Structures are given as C-alpha cells and as structure tokens.
Amino acid sequence: MQPKHKLLRLILWSSIVVVILSMATASLMAQFIHLATDPRVINSPQGSFTAQCVTATPEATLDIDGQLAVASWNIYKQQNSGWQTLLSQLASQNQLLLLQEVKLSDEFEQWQQQSHHQLAMVQAFRQGETSLGVMNLSEVSASQSCGYLTAEPLIQFPKSSLLSYFPLSNGETLLVANLHSINFEYALDSYAQQLQQLLPALQAHKGPIIFGGDLNTWRQARLSMLAQITNTLGLKAVIPVKDTRTTVMGYPIDHLYYRGLTLESARVIDTETSDHHPLLGQFRLGEN
Numbered sequence: 001m002q003p004k005h006k007l008l009r010l011i012l013w014s015s016i017v018v019v020i021l022s023m024a025t026a027s028l029m030a031q032f033i034h035l036a037t038d039p040r041v042i043n044s045p046q047g048s049f050t051a052q053c054v055t056a057t058p059e060a061t062l063d064i065d066g067q068l069a070v071a072s073w074n075i076y077k078q079q080n081s082g083w084q085t086l087l088s089q090l091a092s093q094n095q096l097l098l099l100q101e102v103k104l105s106d107e108f109e110q111w112q113q114q115s116h117h118q119l120a121m122v123q124a125f126r127q128g129e130t131s132l133g134v135m136n137l138s139e140v141s142a143s144q145s146c147g148y149l150t151a152e153p154l155i156q157f158p159k160s161s162l163l164s165y166f167p168l169s170n171g172e173t174l175l176v177a178n179l180h181s182i183n184f185e186y187a188l189d190s191y192a193q194q195l196q197q198l199l200p201a202l203q204a205h206k207g208p209i210i211f212g213g214d215l216n217t218w219r220q221a222r223l224s225m226l227a228q229i230t231n232t233l234g235l236k237a238v239i240p241v242k243d244t245r246t247t248v249m250g251y252p253i254d255h256l257y258y259r260g261l262t263l264e265s266a267r268v269i270d271t272e273t274s275d276h277h278p279l280l281g282q283f284r285l286g287e288n
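For the sequence shown, position 99 matches number 99 in the numbering used here, and the numbering has no gaps at all.
For the record, the hints were derived by calculation from the structure and aren't laboratory data. Treat the numbers as computed from the prediction; the structure is a model and nothing was measured. Hints are not guaranteed to be accurate.
Each pair of labels, with its calculated beta carbon distance range [said to hold, decoys possible]:
hint : residue 1 : residue 2 : range
1    : 84        : 203       : 12 to 20 Å
2    : 84        : 232       : 32 to 40 Å
3    : 65        : 207       : 31 to 39 Å
4    : 197       : 287       : 25 to 33 Å
5    : 84        : 193       : 33 to 41 Å
6    : 130       : 38        : 31 to 39 Å
7    : 227       : 48        : 18 to 26 Å
8    : 154       : 250       : 40 to 48 Å
9    : 38        : 59        : 24 to 32 Å
10   : 199       : 154       : 20 to 28 Å
11   : 127       : 264       : 22 to 30 Å
12   : 275       : 234       : 26 to 34 Å
13   : 225       : 56        : 14 to 22 Å
For every residue, glycine included, the Cβ atom is placed at its ideal position computed from N, Cα and C.
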C-alpha cells in the first residue's frame, strides 16, 4: 500500500475511533451527569427541586444584636479532606455562608443535620442522584430564595446563582446574591447575561445587600464589568488588608460586596481543603 493510502486509512480509522469514544463519553455523561435546564431550589436536604423560588417563615432575624458575620467559599465539591472541619469553623463564626460548588452528598447532608443550619440551594446539575450548585447556609431560614442558571458557552454546564431574603433586627430586609460565575468564555456575553439576570431584583430592592461568590474575574475586562454593575447598585467591595484570596492570572476571583451595612473587619482564611480560600466580612447594621 502506498504511503498516501496508508495515511488516509490512518486518518479514517482515527476519525472512527474519535466518533466511538465521543459516543461512549456522551452515553456515560447521560447516565451520570444530568444538566439542569430550569432553575430549581430547595430549602431542606429532603426537599425536591421543583420550583424556581421557595419560601419559609424565619423564626428569628439573621443578625445578632446588630452584628452580621458573612463568609463566602467555593468548597470545591468537598473533594479535599478536612472540609468538614473548616466548614464547621465557618458556620460557628458566621451567621451566613455563601457556598459555591456544593455537592449535596450523604456526607454533606450528615454535616448539615449535625450543624442545624438552614440551607437554600439551586441545582445546576446532578452526578447520578447527587445535586451540585450554589448554596446559602444560615442560622435562620430565608423568607424567600430564588435560583437562576446560565449555561457555560463551551461545555454547556450550567452555572448557578441564588437570591435570598432575610429579616434583620432593625426592620429591614437583607437581599443576598450568591453566584458561581461563567468561567470558560473569553468574551463577556454569557458572563454579562448571568449578572443581568439578577439586576431586576437587585435594582428593585431598597434595603441592604450582600453580593458575592466565586465571580471568576480572571481578566481586567471581567473586573471592569463587575465594577460597573456594583457601582451602579451602590455596592462596596470587601478587601482584606492581608489579601490572600485565590487568584487566577494575578486577579482575585472571590468577592464580597455590600450596601446598607458598615464593614468592621475582613479577612481570608488560607486553606488546602479547597482550591479557594474563604473570604470573611464582619458587618454592623446601618451605614456610617
């Protein structure tokens, strides 16, 4: 056989192998990964992801004597050992946790039941029967939580966002926006779309706001877009003096913003239990 024919035959067989492997991968994906097409939220581990918004009746206010401690952490699907210890530490020191990449596994449900914290979670996708997405953990229930999804333009995996409302002791209502932002896109189309989904609720809210999460701001254009939106909403950034937040290409990717509150302190906890370091803010109700 001539070299040219051998090369063509090799290319043909290689193409067939690629197609077979792609079909096998798609089949496995269909069995083990289910991508959510509509946002669905729960506010208890035993709940079903059936509605975009869920409601509850809070039995107390979120703050304690006008103080509010908040932490934001991408928990990396609980893949690294030690996550329970750090999560317990964060839960004991903060009334509100904004978590990203939560895997609602049996181990996580067991931790949640022992911690007695309330949760709200929006499902982005499932691995088998296990849901993954962003979650708020809090000492009191949110009066309402609504979920949102935006598909990654390349891999089509949904990224999730969660809006929750909490009563405060001064009579105001705190709106909390927890995001895991679009990552695999150099342009800003889908990144902007995800942020703009939340704008109507954020613009309509007259009280204090906490806005944060893993915002994947790994280039200046993303930071600039985020700054434009947060400035329009009157939000201020939480920036620790010792800023050891996780960075990508030199840019911090985890953020907390606030409005209608006074920031008293901020810090980062360096950890190996995730590929992200938790960002913490200590607030007092009202503005100076």
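Looking at the structure, which of the earlier hints fail to hold? Hints 1, 3, 6, 7, 8, 11 and 13 are the ones this structure does not satisfy, whereas the remaining hints hold.
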